[in-house]
Amino acid sequence: SQTIHQWPATLVQPVGSPLSLECTVEGTSNPNLYWYRQAAGRGLQLLFYSVGIGQISSEVPQNLSASRPQDRQFILSSKKLLLSDSGFYLCAWSLKQGTNEKLFFGSGTQLSVL
Amino acid sequence: GNSVTQMEGPVTLSEEAFLTINCTYTATGYPSLFWYVQYPGEGLQLLLKATKADDKGSNKGFEATYRKETTSFHLEKGSVQVSDSAVYFCALGHSGGYQKVTFGTGTKLQVIP
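Sequence lines, in order, name chains Z and H.
Under my numbering, read the first sequence as residues 1 to 114, first letter to last.
Under my numbering, read the second sequence as residues 1001 to 1113, first letter to last.
Warning: the hint list may mix true and false statements.
Some, not all, of what chain Z presents toward chain H, calculated at C-beta under 8 Å [claimed, not checked]:
1) A39
2) G43
3) K102
4) S107
BS3-like, lysine-lysine: derived pairs with alpha carbons at most 30 Å apart [what the hints assert, rightly or not]:
5) K1100/H x K102/Z
6) K80/Z x K1100/H
7) K1100/H x K79/Z
8) K1077/H x K102/Z
9) K1100/H x K96/Z
10) K1060/H x K79/Z
11) K1052/H x K1108/H
12) K96/Z x K1056/H
13) K1108/H x K1077/H
14) K1052/H x K96/Z
15) K102/Z x K1052/H
16) K1108/H x K102/Z
17) K102/Z x K1060/H
18) K1100/H x K1077/H
19) K1068/H x K96/Z
20) K1068/H x K102/Z
21) K1052/H x K1077/H
22) K1068/H x K1056/H
Sample of chain Z residues at the chain H side, in silico, Cβ under 7 Å [stated by the list, open to error]:
23) L44
24) L47
25) F105
26) G106
27) G108
Just so you know, the hints here were simulated from the structure itself, not pulled from any lab data.
Please read all numbers here as calculations on a predicted model, not as lab measurements.
Ideal Cβ placement from N, Cα and C applies to all residues, glycine included.
Put together the whole structure using the sequences plus the hints.
So this is what it looks like as structure tokens:
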């Protein structure tokens, strides 16, 4: 069966510090991978998606970047965090085929930038 | 572009009450529609889905019917339990090389004994 691991679960970082959140998927090959952010009182915003190794697409301009060094590894990074980067970050994966494939989400990382 | 509008929360209900969470959407073409649920401290998980007009998705006593004429996908449950307390997200999706899923803002449900 497929599983998705996301860590850390919580993170408190000072403004201006770097960030690295990691997500790995097991039990499937060549998945689509996603990073979402859920800000307080707002819905989920798609930040990045990837259809393959080294292929990253950004949905919104921002202070963050993403990388996919391996087929089932997706990393969210920042060189210098801003206060506005605080939020709940969710990694997700999906199969490639079909129009109704669901997203499988990780358990999320609560990031507080102080 | 695609958008999803769901009713504002929080919604507070007594156990065994009837639940409706409204969801309407704007989309081109024929999207799939989803309800995801997020329990406290966890990621989202799919609750139910419908892939075409008049389809009814159901799971764990929850139901939602894909209404193309009213562009709606309202979530209902006949008798809620305390364990149903969570945030519920309506979403629509298209496939275009990746799953283009647009989420609503979420509705927090609190069920009290």
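Structure-inconsistent hints, enumerated in ascending order: Going through the list in order, the structure violates hints 1, 10 and 24 and respects the others.
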